[in-house]
Amino acid sequence: MKVPSGLSARKVIPVALTLGIFLIVAIVASLFGSSLVDRITTVMFVNVIMVLGLQIFMGNSGLLSFAHVGFMGIGAYASALFSLPPEQKLMSLPDLYTPFQDLQLGFLPAVFAAALLAAVFAAVVGFPLMRLADTAAAIASFALLVIVHVVLSQWTAMTNGPRTLFGLLKYTDMWTAAIWAFIVIVVAFVFKESSLGMKLRASRDNVHAANAVGIDVVRTRWIAFVISAFICGMAGAMWAHFITSFQPGAFYMSMTFIVLTMLIVGGPQTVSGTALGVLIITVVSEGLRQMENALGMNDSFPFDTVGMTEILLAIVLILVLAFRPGGLVERTELGANWARGRQRRRNSPDRTEDALVGKG
Amino acid sequence: MDPRSVTSADTGERLTATDVVMDFAGLRALDTVSLSLGKDEIVGLIGPNGSGKTTLVNILSGALEPTAGTVSIRGDAVTGARPHRIARSGLVRTFQTVRLFGTMSVVENVQLGALGVGRRRREATRVADDLIAAFEVEHLRDVTADALSYGQKRIVEILRALATGCDYLLLDEPAAGLNEEESEELLGRLTSLPATFGCGLLIIDHDMNLIMRLCHRLHVLNQGRTIAEGTPAQVRTDPTVVEAYLGKQASAAVLPEATESTESA
Numbered sequence: 001m002k003v004p005s006g007l008s009a010r011k012v013i014p015v016a017l018t019l020g021i022f023l024i025v026a027i028v029a030s031l032f033g034s035s036l037v038d039r040i041t042t043v044m045f046v047n048v049i050m051v052l053g054l055q056i057f058m059g060n061s062g063l064l065s066f067a068h069v070g071f072m073g074i075g076a077y078a079s080a081l082f083s084l085p086p087e088q089k090l091m092s093l094p095d096l097y098t099p100f101q102d103l104q105l106g107f108l109p110a111v112f113a114a115a116l117l118a119a120v121f122a123a124v125v126g127f128p129l130m131r132l133a134d135t136a137a138a139i140a141s142f143a144l145l146v147i148v149h150v151v152l153s154q155w156t157a158m159t160n161g162p163r164t165l166f167g168l169l170k171y172t173d174m175w176t177a178a179i180w181a182f183i184v185i186v187v188a189f190v191f192k193e194s195s196l197g198m199k200l201r202a203s204r205d206n207v208h209a210a211n212a213v214g215i216d217v218v219r220t221r222w223i224a225f226v227i228s229a230f231i232c233g234m235a236g237a238m239w240a241h242f243i244t245s246f247q248p249g250a251f252y253m254s255m256t257f258i259v260l261t262m263l264i265v266g267g268p269q270t271v272s273g274t275a276l277g278v279l280i281i282t283v284v285s286e287g288l289r290q291m292e293n294a295l296g297m298n299d300s301f302p303f304d305t306v307g308m309t310e311i312l313l314a315i316v317l318i319l320v321l322a323f324r325p326g327g328l329v330e331r332t333e334l335g336a337n338w339a340r341g342r343q344r345r346r347n348s349p350d351r352t353e354d355a356l357v358g359k360g
Numbered sequence: 001m002d003p004r005s006v007t008s009a010d011t012g013e014r015l016t017a018t019d020v021v022m023d024f025a026g027l028r029a030l031d032t033v034s035l036s037l038g039k040d041e042i043v044g045l046i047g048p049n050g051s052g053k054t055t056l057v058n059i060l061s062g063a064l065e066p067t068a069g070t071v072s073i074r075g076d077a078v079t080g081a082r083p084h085r086i087a088r089s090g091l092v093r094t095f096q097t098v099r100l101f102g103t104m105s106v107v108e109n110v111q112l113g114a115l116g117v118g119r120r121r122r123e124a125t126r127v128a129d130d131l132i133a134a135f136e137v138e139h140l141r142d143v144t145a146d147a148l149s150y151g152q153k154r155i156v157e158i159l160r161a162l163a164t165g166c167d168y169l170l171l172d173e174p175a176a177g178l179n180e181e182e183s184e185e186l187l188g189r190l191t192s193l194p195a196t197f198g199c200g201l202l203i204i205d206h207d208m209n210l211i212m213r214l215c216h217r218l219h220v221l222n223q224g225r226t227i228a229e230g231t232p233a234q235v236r237t238d239p240t241v242v243e244a245y246l247g248k249q250a251s252a253a254v255l256p257e258a259t260e261s262t263e264s265a
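Going down the list, the protein sequences come from chains X and A.
With the numbering used here as the guide, the letters of the first sequence map in order to residues 1 to 360.
With the numbering used here as the guide, the letters of the second sequence map in order to residues 1 to 265.
Hints were generated in silico from the structure; no laboratory data involved.
Even glycine gets a Cβ: it sits at the ideal position worked out from N, Cα and C.
Wrong hints could be hidden among the right ones.
Stated by the list, open to error - Pairwise CB distance ranges, derived in the manner of DEER restraints:
hint: 1; chain 1: A; residue 1: GLY26; chain 2: X; residue 2: PRO162; range: 52 to 58 Å
hint: 2; chain 1: X; residue 1: LEU31; chain 2: A; residue 2: ASP130; range: 51 to 57 Å
hint: 3; chain 1: X; residue 1: ALA322; chain 2: A; residue 2: ARG74; range: 50 to 56 Å
hint: 4; chain 1: A; residue 1: GLU184; chain 2: X; residue 2: ASP134; range: 38 to 44 Å
hint: 5; chain 1: X; residue 1: ILE183; chain 2: A; residue 2: GLU184; range: 51 to 57 Å
hint: 6; chain 1: A; residue 1: ASP130; chain 2: X; residue 2: SER34; range: 56 to 62 Å
hint: 7; chain 1: A; residue 1: THR191; chain 2: X; residue 2: GLY20; range: 48 to 54 Å
hint: 8; chain 1: X; residue 1: VAL306; chain 2: A; residue 2: GLU65; range: 54 to 60 Å
hint: 9; chain 1: A; residue 1: GLU65; chain 2: X; residue 2: LYS170; range: 57 to 63 Å
hint: 10; chain 1: X; residue 1: ASP95; chain 2: A; residue 2: ASP146; range: 55 to 61 Å
hint: 11; chain 1: A; residue 1: GLU65; chain 2: X; residue 2: VAL151; range: 38 to 44 Å
hint: 12; chain 1: A; residue 1: GLU65; chain 2: X; residue 2: ARG289; range: 54 to 60 Å
The task is simple: from the sequences and hints, build the whole structure.
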């Protein structure tokens, strides 16, 4: 084995560190025993799944995607369709087509079937989408989100239309969400270091060079798009079975905003950064929301404080983009350098040489 | 003398461009240019600025589709195929401005050459480690590509291209931006590539010192046309080439050797 031990530690420490942080959060939250903390933590773990699903595509390809919250919505609605008991369907979805009326899967099969449906949808619409570059790709993915939203809010037979879909069983609890979040954290790390992930990152760093060494960039992006849609669909299904009643509006602008904020603040290029972004934005936004409520109660401001949380989060997003555009954990995974402090010092003479040689 | 007689294998294992024409919005950048490269030779593609050298490389590597003419690798037509297909057919290029995968380490960059053409991970690791050892850049193995000096980047880009196991390597100004020492080192490394890696080189460069010492054959373009082909000695003495590079006035003063032999011929 030629791989020096420092290199493998470099890959393993960030995974262990990220898992460790979230394990501690889960344990502390369960010790609190308050239903509010439990709710916040569960949603946070679902968000870890969602945002890492998005990171797998966005962080590694460098392409902005608005479509993934749509995949989350597909996952949520499809899992409801697969898991609702037939007698509940008569009330929740009175106009449902007959073949679906008696369909009922268990929780996990429903989650996976829903995630698979989101992935198949992404596979079909993704192929033309992956040929687009930069802004065009971002705008096209936004158009896709609009299409998904309109279908979810108008296909009354399948989704109950713009009204609330209710009656889902509460399968997702805090530890279910946490365990799946741990699995997705590992998946995101493994994906990043896999040859597919490496090719995708290569296309992000320099698409012409990627082409020039034989990488089929469109195909690579497409596979990543499908995988990440699967995970986002899964996140939607988990979320649906925690919230138990929701509307199509849940998977639109405000969800897109919060998910992108978590990803961008944390650092889309790193898995540990992205996961940390979810944690930080959860803490900040829940803190702000408590403050908003408290201030709203005692009239300490001469104006309404409703919506203050979103405004402050938006300001945080702008500040991060301005002063730390790569996010909090920009390039090197959290803890990766613990393994190679010595190596860095050994390489430092080369770095000083750079300044002298410079670019011609 | 027919320049083709200089190389051994005439048919089969060659990269061939035949009568390539490229028009850009009415401007003819290349006019019926034909070129051929064997796996065992180093060919220089030279000519003044704007003569169409990079355009030709872009066509060979699939970045541009020619208006007319064909490109074939080992007899298979690849004209207008997408760049990654051409790379997988065994033709790989480097860029005038170095293009590395900046956020990734040197060893990952080199591995990606092998992964790009579909090698397995284990094999890519072995190929990369061997190349890094052969070029004596082990000290740069885990350095992020963005942190390298310009000369180091050039070497890594060539290593990445070699990791694909390509048969034909197109180097677009490999010595640009290098100092004399680095350029000399590069020359030494490039000279042995056809023998060591079974990889023919097509090199564009303005460093005539490097080109003349490195190349078995030269192909000279001017204003999109081939104006001369032959060994460095033949091209050096070609009056059309001297004129294209220096103008009629200067040629006599700067290249006395060339004018002398022209007169004697």
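Exercise. Hint numbers the structure violates, sorted upward?
Worked result: When the structure is compared with the hints, none of them turns out to be violated.
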